[in-house]
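Asker: Protein chains in written order, with this note's numbering: chain D, 520 to 769; chain Y, 78 to 129; chain U, 524 to 745; chain W, -7 to 198.
Derived by calculation from the structure, the hints in this document are not laboratory data.
It is possible that some hints are incorrect.
Listed below are the simulated SDA-like cross-link pairs for lysine to any residue, each with C-alpha atoms no more than 25 Å apart in a straight line [unchecked claim]: (1) Y:Lys114 <-> D:Ser606; (2) W:Lys142 <-> U:Met524; (3) Y:Lys112 <-> D:Thr760; (4) W:Lys123 <-> U:Ser544; (5) U:Lys537 <-> U:Asn649; (6) U:Lys537 <-> U:Leu600; (7) Y:Lys114 <-> D:Asp567.
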Amino acid sequence: MNLKSIYKLGSPPLFYKLCIVLEPWFLISSILLIAVGMYGGLFVAPPDYQMGDAFRIIYFHVPSAYVSMMAYVYMAVSAIIGLIWRSNVAFSLAKSCAPIGASFTFLALITGMLWGKPMWGTAWVWDARLTSELILLFLYLAYIMLHLSIPDRSKADRATALLAIVGVVNIPIIHYSVVWWNTLHQASTISKFAKPSIATEMLWPLVIMILGYTLLFAAFLSKRTAAELAVREKRTRWLQTLIVGDKNNA
Amino acid sequence: MPEIFAMGGYGFYVWGSVLISIAVLVINWITAHKKFKSTINEVKSFISKGKE
Amino acid sequence: MMKVLRIIFLKDLKVSLRRWSDLLTSFILFVLVCLIFPLTLGNDPSLLLKIIGPVMLVSALLATLLAMQNIFRPDVLNGSLEQLTLNSYPLTLIICIKIFSFWVITSLPLILISGFIASSYYVTGNSIFIVVLTLLLSTPSLVHISALAAALTVAIRYPGALMALIIIPLSLPIMIFGAKAIEFSISGIDASAPLYFLLGMMFFTCSLGPMVTAAAIKISID
Amino acid sequence: MTQHNLQINFLELYRNDDRIFSEISFDLSEGQHLLISGANGTGKTSLLRVICGLTIPTGGTILWNQLATNNINCRYYEHLAYLGHKNALIPELTARENLEYTFEGIRSINRTSSVLEAFGLNKYLDQYAEKLSNGQIRKIALSRILLSEKTLWILDEPVANLDTSGTQFLLVEMQAHLDQGGMLITTSNLNDQTLKPNSEINLDKA
């Protein structure tokens, strides 16, 4: 993939077609992977010696936490590309990342609380990772709210891109200040989220679930980006032929 | 079969998180799909309006 | 070059002094919030000593949030911000001067009064100095983050809630380390670790902040 | 003085898919005056803001001495003086302070007094800008442009709400500016010929 073809990938018509074509494949493969992962995680994996069966929530918490973090970094990278080359593709990618990332963060929070209930007795226990996940949710909300409140689309794109860049720079700082703050209060509770050296038959469903969630994120992303790109490229010839042309989407 | 749902006493939490995950993902899919549909129709009407 | 920047700085000070109502409201808010806590919590020293850190930081954040809402807004309305972008000096420098003049106007009084408020919280000896030092180190970062949020939301009619939503997550590290610095110094532990972090954050935001704010201004007055 | 020139080719601006203007090209060299005319809302002000670099156009380039303005901003602004509808005066400052606020250097004193005398502003110099009438604020903003020794003046409806004496003086000053090799872009929505432009762009065409 030399640079030329990567640059060509950025051209709206090709990217739009790519999104439309790839989206069903992403969806089918992710559903399959998640089905296999869920089966493996819920039934095949042996119960944890300490937590019993409640540890199976990890198969739903870790993938969504991973995707929520990845989505923000992905949003910031496409925001940077958008600001530098002022490309509609990058801006529509960044804009459609936000709601998906926010939903995955919310998912990670809920499963984290459900995880905390059996393990520590209370749902919210100010664990370092859960707290920085909550702050990530607020960063997403700030991005979405800012995008909604600026009427002019190109101005909104660029302003929110700046916010995404500032946000992604601050995520590690916020995370480690929360971890530092947490070690002061509860140095004792070792968070179960730390990469446990778990047996392989516990591990493979987790890897499959993470892969499935990532592909699912890709499916949602390509769906939304196609929509955003269509709005931005409304006036172009190629889009009008594409929209009017393809009957199956009618 | 019933002991599967028991999940060693934590059935509520495990199945709860499963259901919530599926629910959120399905809602995600529906909103993405609906947004795509409405945008395409909006662009279509813009194009047809542009034609006259 | 320096002459022009001095002119701009003095003009900003003069303008802000003439808009003294904003200056005063943020100062009064700081003092009042610090006053409310002892009144509502009762004045047993051990409790007050515990809460002075968070109270100081949170009220400094609220005061900055309130004061920084109109750092760019009136200038955009009367068009003088466009003239500032259209001159031969880089906008980043001008924004740096403007933010510094607003820091002098809104945060410096907070820092000066915080010593007295700390002593009213039964804080004694060296840690009063630490409280003042913590505010001195944390307010520049808060001011720069609020300026960025103000620049991003200058084109929006009611930016209040959105500014808070942008500022608070970004200023969490400063709040955490600031409150910890004060708490450490009061309980006798050496508070240099969190203070060094605050110093680091200050240089980080003061160096990158104006550049990002200038970009945000250029986008907002599009 | 090097030969300055401003070159615009195929400028276009879309805002949320409605076309503001497109295919605008012209070349402006020293001593020339370009008038942009058209009814209200045809994008005159947006075109001026794009030329100043305040608004980023959707397409097209702006060249100042053959250099694209978006990457030589500061050097381009050294030669640019812009006055939009907003008078860019800070209400809390007095007229004198407003004048000094954007000056880079000391203006020749007699030049300053002659302009202010002509605009009849001398006795209002120490009043707060918020207390002055709209016309007077406009005059102060215009005198700031006249006193700034910039080669390219971009004025948005300069003669709006100016009294006759002010308009006369402004026309004389503009002509003097052109004679000294300055460049001028103005807009006016009333199609009078008082400004005698060298070239004109009409934005009324679809």
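Asker: Would the pair Y:Lys112 and D:Thr760 pass a check requiring their Cα atoms to be no farther apart than 25 Å?
Answerer: Since the Cα atoms of Y:Lys112 and D:Thr760 sit roughly 21 Å apart, the hinted pair holds (cutoff 25 Å).
Asker: Check whether the Cα positions of U:Lys537 and U:Leu600 lie no farther apart than 25 Å.
Answerer: holds, 19 Å
Asker: Are the Cα positions of U:Lys537 and U:Asn649 separated by 25 Å at most?
Answerer: Since the Cα atoms of U:Lys537 and U:Asn649 sit roughly 35 Å apart, the hinted pair is violated (cutoff 25 Å).
Asker: Quick one, are Y:Lys114 and D:Ser606 close enough, alpha carbons at most 25 Å?
Answerer: holds, 24 Å
Asker: If you draw a straight line from the CA of W:Lys123 to the CA of U:Ser544, is it 25 Å or shorter?
Answerer: holds, 19 Å
Asker: With a cut-off of 25 Å on the C-alpha distance, tell me whether Y:Lys114 and D:Asp567 pass.
Answerer: violated, 45 Å
Asker: Taking 25 Å as the top limit, are the C-alpha atoms of W:Lys142 and U:Met524 close enough?
Answerer: Given pair W:Lys142, U:Met524 holds - Cα atoms ~18 Å apart, limit 25 Å.
In summary, the numbered hints that this structure violates are 5, 7.
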